[in-house]
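A.B. asks: Sequence:
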Amino acid sequence: MDVALIALVAAVASALTIVSGFGLGTLLLPAFALFLPVPTAVAATAIVHLLNNLLKGTLLRSRADWQTVLAFGLPAVPAAMLGGWLLGRTPAPGVVVGLILITFGVLELLPWVQRLRAPRWSMPLGGALTGLVGGLTGQQGALRSIFLLKGGMAPDRFIATGVMIAVLIDLSRLGAYWAAFDNAAIPHGRDWPLIATGTAAALTTSFFAVRRIEKVTIRSVRFSVAALLLVIGAGMATGWLGAPA
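Positions 0 to 244 (numbering that gives the first Met the number 0) are the ones given, in order, by the sequence shown.
Each hint should be verified, as a subset may be incorrect.
[Said to hold, decoys possible] Ranges of calculated distance between the beta carbons of each label pair, as one might list FRET restraints:
id : residue 1 : residue 2 : range
1  : 211       : 7         : 16 to 22 Å
2  : 237       : 110       : 26 to 32 Å
3  : 207       : 170       : 21 to 27 Å
These are calculated hints, taken from the structure and not from any lab test. All of these numbers come straight from a predicted model, not from anything done at the bench. Just so you know, even glycine gets a beta-carbon here, dropped at the ideal spot from N, CA and C.
Hey, can you work out the whole structure from these sequences and the hints?
C.D. replies: In structure tokens form, the structure reads like this:
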């Protein structure tokens, strides 16, 4: 039962990330937390998230906007490390982050907001904010997608750029989680089959979904981002999708 559930959640969430740029970690964390202690579930989710992004990054690296990757991703690295450190010392901020995501989701559906563009100078600020929230709550993809969506990139460049930024943040926050939770976050022998199952399901889905990236339109990206923001924001605000505590 546990293996089947992890595989199903990882596969569905991985497919969603191809369009929206986020969702895998948010949906997979509650599934892992059903069977593992929360610190271990956080680490397990981060491992699957990182390996999945490494595969997608390998397949999509030539399509990434590397100027944006550096401008957004480099400030996100120390911010993610700070967020990961704070995670072990701060009450779960899920309600606040959830309400923020709901607000952004509603705004994203408004026509005048859809016409806005994020200036290049705002990318480092967006990276720092995304890294901090990502390290603190594990929810880095939502804010990243909001900023990148306003950058005016084509769908394939939006997805590829987000993946490369996610790799930088994942590498930063994974080490910070282990430091924040000491040894409590380190998976043990019985935990690895679940992690391997989630990884295999996510990688397999990503491998086939990436090959259909040309079918993605900016309209579908925008709608998927808004829908997931509303669902995930509501889930976090009500405690159904909890930020790691």
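A.B. asks: If a hint holds in the structure, say so; if it does not, say that too.
C.D. replies: To see whether the hints hold, each was checked on the structure:
The supplied range of 16 to 22 Å is met by residue 211 and residue 7, whose beta-carbon atoms lie about 20 Å from each other. For residue 237 and residue 110, the hinted distance range of 26 to 32 Å is satisfied, since their beta carbons lie about 29 Å from each other. A hinted range of 21 to 27 Å for the beta carbons of residue 207 and residue 170 is consistent with their spacing of about 25 Å.
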